[in-house]
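Student: Next come the chains, spelled out residue by residue.
Number of protein chains: 2
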Amino acid sequence: MSQHAMLPVVSAGSGAGAAAAPKSASAAPACGTGLDCGLDAVEAERVARVFKALGDPTRVRLLSMIAASPAGELCVCDLTEPVGLSQPTVSHHMKQLAEAGLVTREQRGRWAYFRAVDGAVGDAARALLG
Amino acid sequence: MSQHAMLPVVSAGSGAGAAAAPKSASAAPACGTGLDCGLDAVEAERVARVFKALGDPTRVRLLSMIAASPAGELCVCDLTEPVGLSQPTVSHHMKQLAEAGLVTREQRGRWAYFRAVDGAVGDAARALLG
DNA sequence: GCGACATATTGACATCCTTCGATGAATCGA
DNA sequence: TCGATTCATCGAAGGATGTCAATATGTCGC
Numbered sequence: 001m002s003q004h005a006m007l008p009v010v011s012a013g014s015g016a017g018a019a020a021a022p023k024s025a026s027a028a029p030a031c032g033t034g035l036d037c038g039l040d041a042v043e044a045e046r047v048a049r050v051f052k053a054l055g056d057p058t059r060v061r062l063l064s065m066i067a068a069s070p071a072g073e074l075c076v077c078d079l080t081e082p083v084g085l086s087q088p089t090v091s092h093h094m095k096q097l098a099e100a101g102l103v104t105r106e107q108r109g110r111w112a113y114f115r116a117v118d119g120a121v122g123d124a125a126r127a128l129l130g
Numbered sequence: 001m002s003q004h005a006m007l008p009v010v011s012a013g014s015g016a017g018a019a020a021a022p023k024s025a026s027a028a029p030a031c032g033t034g035l036d037c038g039l040d041a042v043e044a045e046r047v048a049r050v051f052k053a054l055g056d057p058t059r060v061r062l063l064s065m066i067a068a069s070p071a072g073e074l075c076v077c078d079l080t081e082p083v084g085l086s087q088p089t090v091s092h093h094m095k096q097l098a099e100a101g102l103v104t105r106e107q108r109g110r111w112a113y114f115r116a117v118d119g120a121v122g123d124a125a126r127a128l129l130g
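Protein chains in written order, with the UniProt record's numbering: chain L, 1 to 130; chain P, 1 to 130.
Be aware that one or more of the hints could be misleading.
No copy is singled out in the list; a pair is fine if it fits within one copy or between any two copies.
[What the hints assert, rightly or not] Derived SDA-like pairs (lysine to any residue); straight-line CA-CA distance at most 25 Å:
1. Lys95 with Gly130
2. Lys95 with Arg110
3. Lys52 with Gly101
4. Lys52 with Val76
5. Lys52 with Asp123
6. Lys95 with Gly119
7. Lys95 with Gly72
8. Lys52 with Thr80
9. Lys52 with Leu85
10. Lys95 with Thr58
11. Lys95 with Ala125
12. Lys52 with Glu99
13. Lys95 with Leu85
14. Lys95 with Arg46
15. Lys52 with Ala120
16. Lys95 with Pro70
17. Lys52 with Gly122
Don't read these hints as lab results, they were simulated from the structure.
Take these sequences, add in the hints, and give me the full structure.
Tutor: Set out below in C-alpha cells:
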C-alpha cells in the first residue's frame with residue numbers, strides 16, 4: 001500500500017515513476033519473486049552472518065592482526081594478550097570468525113593456528129551491492 | 001575488569017620453548033610490544049560499527065534493495081512491505097544504516113529517500129585487511 | 001485550520017551477545 | 001606415566017539488540 005502522489009524527481013528527465021507510485025514491489029515482475037528487488041531472505045541471512053562476525057571490535061582486531069601478521073597466521077596465545085581479554089573469550093571470538101568463513105583453523109601440535117580466508121569479505125560485499 | 005593480571009603472560013608470542021614454539025613475532029617489531037599489529041582499538045571500533053550495521057539480515061536486504069533499485073533510492077514506504085516488518089522497525093533499521101554511514105537520508109516532501117553511500121563497505125573492508 | 005498521510009520516537013519485552021571463571025580434552029617434554 | 005601447556009566447552013551475569021503498539025512530528029491537499 002505504498003501509493004505515492006506525484007513526487008518531484010530531481011532529474012525529471014522522462015518523469016518515470018513521477019505520476020504515481022515509485023514502482024512498489026507488490027507483485028512486481030521486474031523484481032522477481034514479488035518480494036524484493038535485492039537479496040532474498042536466505043541470501044541476506046548468509047551475507048549478514050559474515051558481517052555480524054565483523055560487527056564486534058574485538059573480532060575486527062583479531063582478524064586484522066592475523067591478516068597483518070608476517071606469517072599470515074597466528075595462534076590463540078598470540079591473540080589473547082593484545083586484545084586484553086581472557087582466553088575463553090578469544091577462543092569464542094575465533095569460533096565466530098571461523099563459522100562465518102572468515103578464518104580457517106589448523107591444529108598444529110598444541111597450538112591452533114588461524115589464517116584469514118582471502119576474498120571472504122569481498123565476496124560478501126559483492127553479494128550485498130552487486 | 002581486566003583482572004587477569006595473574007595470567008601467565010610469559011611472553012606468549014616470543015615462544016619461550018624452543019622446539020615447536022610459534023615463530024610469528026620475530027620479524028614484527030611493533031607486535032611484541034604488548035600491543036597489536038593490526039588496527040588499534042579506536043580504528044577497530046570504527047570499522048566494527050559499519051559491519052555491525054550490516055550484521056542484520058533485514059538491514060542487508062534494505063541496503064541491497066536500495067542499491068539495486070533503478071533510481072538508486074527508495075523511501076520507507078517502499079521498504080516496509082518487502083521486508084514484512086512494521087514501519088517503526090524499518091525506520092529504526094534505516095537509522096542504523098544512516099548512522100553507520102552506509103546510506104544518506106534526504107527528506108523530500110512527506111517521504112524520506114535513502115541512497116546507498118558508494119564505497120562505504122569497501123572502505124571498511126580495506127581498513128580491515130589493508 | 002483540518003484531516004490524511006509518511007516518518008520518527010518512545011516504552012516495553014523477549015532474545016541474543018559478550019564476558020568471565022571453572023572445567024574438560026588433547027598434546028608435548030621429562 | 002606425570003605434570004605442564006594450549007585450547008575448547010559449559011554455565012552464568014549483565015548489557016545490547018530487534019520488534020511491536022502507541023504516540024509524536026512534520027507535510028500535503030482542501
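Student: Run every hint past the structure and note whether it holds.
Tutor: Evaluation of the provided hints:
no.	hint	in the structure
1	Lys95 with Gly130	between (28 Å within a copy, 23 Å between copies)
2	Lys95 with Arg110	within (17 Å within a copy, 46 Å between copies)
3	Lys52 with Gly101	both (12 Å within a copy, 17 Å between copies)
4	Lys52 with Val76	both (21 Å within a copy, 24 Å between copies)
5	Lys52 with Asp123	both (15 Å within a copy, 17 Å between copies)
6	Lys95 with Gly119	within (19 Å within a copy, 29 Å between copies)
7	Lys95 with Gly72	within (18 Å within a copy, 37 Å between copies)
8	Lys52 with Thr80	both (21 Å within a copy, 22 Å between copies)
9	Lys52 with Leu85	both (20 Å within a copy, 20 Å between copies)
10	Lys95 with Thr58	both (13 Å within a copy, 24 Å between copies)
11	Lys95 with Ala125	both (21 Å within a copy, 20 Å between copies)
12	Lys52 with Glu99	both (11 Å within a copy, 17 Å between copies)
13	Lys95 with Leu85	within (15 Å within a copy, 31 Å between copies)
14	Lys95 with Arg46	both (17 Å within a copy, 22 Å between copies)
15	Lys52 with Ala120	both (13 Å within a copy, 16 Å between copies)
16	Lys95 with Pro70	within (22 Å within a copy, 39 Å between copies)
17	Lys52 with Gly122	both (15 Å within a copy, 16 Å between copies)
In summary, the structure agrees with every hint in the numbered list given earlier.
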